[in-house]
Amino acid sequence: MTQRASFLRRLLSNRSFTIGASLVGLVLLLALLAGVIAPFDPLKGNFRARMMAPSLQHWMGTDQFGRDILSRVLHGARISLQIGFMVAIITALAGVLIGASSGYFRRLDGPLMRLMDAFMAFPSIILAIAVSSVLGASVINVIFALAIAATPHTARIVRASVMVVREMEFVEAARALGAGHARILFRHIMANAMAPLMVRITYVFAVAILNEAVLSFIGVGPPPPAPTFGAIIANGRDFIVAAPWITVAPGLAILVSVLGLNLLGDGLRDVLDPRMSVNTR
Amino acid sequence: MKKTYLTLAMSALLVLTGAGPAHAQKKGGDVVIGMTAAPPSLDPHATSAQVARNVNLHIFETLYARDEGARPVPDLAEGVTISADGLTYLFKLRTGVKFHNGKDMTSADVVASLERYRKSGASASLIGAIDSVSASGPNQVTIKLKTVQSTFLGNLSSPRAPIAIMPSEEAAKDMGKASSIGTGPYKFVEYKPDSHIKITRFDGYKPNPAYKERDGFAGAKIAYIDNVTFRFMPETSARDAAVETGQIQLNETTDGPTAKRLKGNPNFQVIPVLPFAAMILKFNMAQGAGTDLNFRRAVAQALDLEEIMAVAYPDIYRIDTSWVYGGSAYHSARKTPKQDLATAKATLAKSGYKGEKLTFIVHNDRPTVDTATVIQQQVSQIGVNMEVKVADWPTTSNLGLKSDTGWNLWTHGFGIEPYEGPASAMSHWVKGQGQRKADPVIDGLFEKFNSEMNVDVQKKLFVDFENQMNDQAIAVNMGNYGLFQVATSKLKNFKAYRIPRMWGVWLD
Amino acid sequence: MGRFIIRRLLASIPVLFFVSLITFGLLWLVPGDPASIFLDASATAEALDRVRHELGLDRPFLVRMGEWYVRLLQGDLGTSLLLNRSVTEAILERLPITLSLTAMAFVVSVLLGVTAGVMAAVRHGRAADQSLMSLALLGLSIPEFWLGLVLVWLVAVLVPIFPAGDYVAFAKDPLQWARHLALPTFTLACIQMGFVARMTRSSMLEVLSQDFVRTARAKGLPEPYVVLRHGLVNAMVPIVTVMGIMVGALLGGAVVTEQVFSIPGLGRLIIGAVLSRDFPVIQGGLLFLALIYLSVNLAVDLLYAAIDPRVRLG
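Chains as they are written, first to last, in the numbering used here: chain A, 1 to 281; chain B, 282 to 789; chain C, 790 to 1103.
Since the hints were made in silico from the structure, they are not lab data.
Treat the hints with caution; some may be incorrect.
As the list claims (entries may be wrong) - Below, computed lysine to aspartate or glutamate pairings styled on DMTMM-like, alpha-carbon distance capped at 25 angstroms: (1) Lys-683/B / Glu-878/C; (2) Lys-307/B / Asp-484/B; (3) Lys-400/B / Asp-484/B; (4) Lys-541/B / Asp-646/B; (5) Lys-479/B / Asp-962/C; (6) Lys-635/B / Asp-646/B; (7) Lys-961/C / Asp-311/B; (8) Lys-44/A / Glu-450/B; (9) Lys-454/B / Glu-878/C; (10) Lys-454/B / Asp-838/C; (11) Lys-44/A / Asp-311/B.
Make the full structure from the sequences, and use the hints.
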């Protein structure tokens, strides 16, 4: 059996991966179909149906505008997943750029890592709040802020893998044969970093969803009427005592999405590199 | 004998009808109040923030103060004599008033405090008409004005950033550096940032003998409570839970649905405070779509005020588009505008608006953000495309108050001005302050109002102002809103006002 | 070891410098200033300018920046613009509170997490293992501020066992101190418990499969002794490394937890300062947090070296 096929088979027989993938797949499906399956317009309020508890008509109740929470959660899944996905991609790109340069070019290593250390010394929430305050609250800026917060650790992981391979013989051989730096980096070294990077990115995705919620909670998240998970929770937090359903539903949605992604990440790690650290949040 | 019987019969009658002293005030006890934020400064001259007033007006007093009906009445002054030409005010001060440090209040302290405020007080422009202040006797202060100002006593008694009387040594200190030493019924104990401020009853306090009871910010301020602690609890849920569990005795602000839960509960009293402020929508008339009268009118016509207020302030709003509150002598019942989408679309078509994206700025306070969200929805129905930009207060106010670019609409609460009176309400729109472009009609009306002593003429001037605001759609007054206060039933005789007054109340 | 410590301390200086530069950069870009907190919406532009002048904010940015660095070298972090005290005072007042919360959460998550991890490792592959690890993963996936809100609703309002917020100093009333910290501690610890449990389990599994453990068992030593004395002690090494990250995560999580429960700690101080633009507090507070973070990392590395003699420092 080819290596790729056996890899896939191991992946699919890993319980963590399959459960995680199913959950994520479910959330993804619901998000994609939100426009079709959501019973109400998530942005339109119904004056007469304000703050109603969950009922047959509104499965998750309504908020103070009379908007259907279920519809908002479904549409919110789309935006929150988009944010998480974009953060993951940008973090991957930035992490690779910085980590690879740092790991491969010894002279860049010192200053780059000191800079990364400085960013890591900021609690990521505060960094994200500051960046959002500076750039203004919008989906793009939130993505940017969260990516900045997640990049340093990712860069470190990439750097570590690059440094391990850098010293190996085949790299010396390639250089002796006249291969340029870029080629060595991309053809040979990055292949080694792929595994931990992929696992790390799954966790970054999960954490981005969580952190977007925190940013909305603090008040620097995407502006209304965007129904991101965090925005729905933030919207209902004044009414937690009188209308708890506004907050409970989106929180559970976050829980399911993040749980799925975490399981996915665990599964990937088990198959790709069981020796990797369990904690990469 | 007959007299004794008569007396007995009278007493019996009094007791039976409860016309005798019905209150059994109990001295003692501690009250903890849950407040939304910490005051930015404990120097009363330095800030006009509501939360600062909540605390400072227990510690400090002013020459004149507003009574329950918002009229200026003597507080630290005994009275005033105004010269015939209206330019000289001779204030006679009360005697025997002590500061918290034991010192007697004299005219020197009053003059020092006034001068300090004139120089660098947060709302110094309020007393900008003053030409000179001098101590014309140990208990007399003379103020000379540059021009006649019918609203001078009103301005002097403005609670906004109160012109508090402090000892002259404190008044000599820089803004923000004065210690919290006043003449009020409570004195400052401690301030733990992010946590609380504690004040305690000042036993050397003598309530104003000219009054029998409390009256707004004036009157006889009798403190029965021993200690009052203002806890800063920005999280609504924490405040709500804290009052229910008895951690605090008064929740200064909560919303309708939460308060409703406790309505029938004998352990709590739910106090609706309405009106507390007006919700206004301002246009940037200096640049962009806001310069166009038809655009502004179209937006105003597209609004459904009932929907906006019901979402933002459930159960605690009143549609009233007058620029002062009901109960004021200047209040007039104005027609409530109804949403008229057809007319709005037609008006919009007459304007120069081409569908471009507009910026609607708000600060991140739930009701304000919700207001903007509803408005955004409503105007989208006539084709106006608005993007709501939520930011914190420093960013938003900086943009709205200082910049002609970067925003088209701004909504926020307009609280103390309608309470203070017509001049206050008008002053926000003078010289284009609020709308970023001066309106000569309003500026003219304001000047006339200030120099007009006749109340009937004033009323007419104010109606003209309200009509101008409406016709030119300079801003939309969407209605009054308020808040709910929840207290333990043990807190007796509490009556809500612009601040949670802890005098005239007791625990039982 | 002394040389290692000194080298690390020296290496922290550029990091701290970068932190302050990043902070200044952000502050330069951020619009607005604390003047607007002093005044309400009825303020005039002219009043704003006046307050700004009183606060010394109308001076050129580079001048203010230079002044800050000069003061820093003298050990002075400046005075808060809104809190009426020095930045150092403001931080020190709140430090014990955040430390109480973080320490309690740390202890709870380590105790419960390690116990869960050990139990899961010992019962590897069986029901207990699955359920414990599922719980751990669940804990990791919960947004902590949401958990806090829900707990406030459930435990403070519906069934009032614990108070919903605030802080009582230990010195004033130990019982109330504990009661007030109960909910926020649980909220914070919930997530970290998950990490510790998973880490412990995987570490234990690796150690327990090694030869020396088999030998100990073959020698007839009682199982609990083997698991704890031989297994856990050797498994602690990677757990200790994680502890450094944990403290960082707890500090970050404390920021939000403090907000939900109205606890006057460092987190609220800094968030409040960011939202009201209290520049000196933002500068000083972030620098201080960075200092804590670096110190904890250093402590963890030293601990690591102390536990594992194979590790050579530097």
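So, going through the hints one by one against the coordinates:
A threshold of 25 angstroms between alpha carbons decides the hint, and for Lys-683/B with Glu-878/C the separation of about 34 angstroms lies outside it, so the pair is violated. Of the supplied pair hints, the one linking Lys-307/B and Asp-484/B holds, its CA atoms being roughly 15 angstroms apart against a limit of 25 angstroms. Distance check on the hinted pair: Lys-400/B and Asp-484/B sit about 33 angstroms apart at the alpha-carbon level, beyond 25 angstroms; violated. For the proposed pair Lys-541/B and Asp-646/B, the alpha carbon gap of about 21 angstroms is at most 25 angstroms, so the pair holds.
Restraint check: the Cα-Cα separation between Lys-479/B and Asp-962/C comes to about 18 angstroms, which is no more than 25 angstroms; the hinted pair holds. Restraint check for Lys-635/B and Asp-646/B: the C-alpha separation of about 31 angstroms exceeds 25 angstroms, so the hint is violated. Pair hint Lys-961/C plus Asp-311/B holds up; C-alpha atoms about 17 angstroms apart against a cutoff of 25 angstroms. At roughly 60 angstroms between alpha-carbon atoms, Lys-44/A and Glu-450/B are farther apart than 25 angstroms, so this suggested pair is violated.
A threshold of 25 angstroms between alpha carbons decides the hint, and for Lys-454/B with Glu-878/C the separation of about 22 angstroms falls inside it, so the pair holds. Simply put, Lys-454/B and Asp-838/C have alpha-carbon atoms about 20 angstroms apart, close enough for the 25 angstroms limit, and the pair holds. For the hint linking Lys-44/A to Asp-311/B, the alpha-carbon distance of about 47 angstroms lies beyond 25 angstroms, and the restraint is violated.
Hint check: violations occur at hints 1, 3, 6, 8 and 11; the rest are consistent with the structure.
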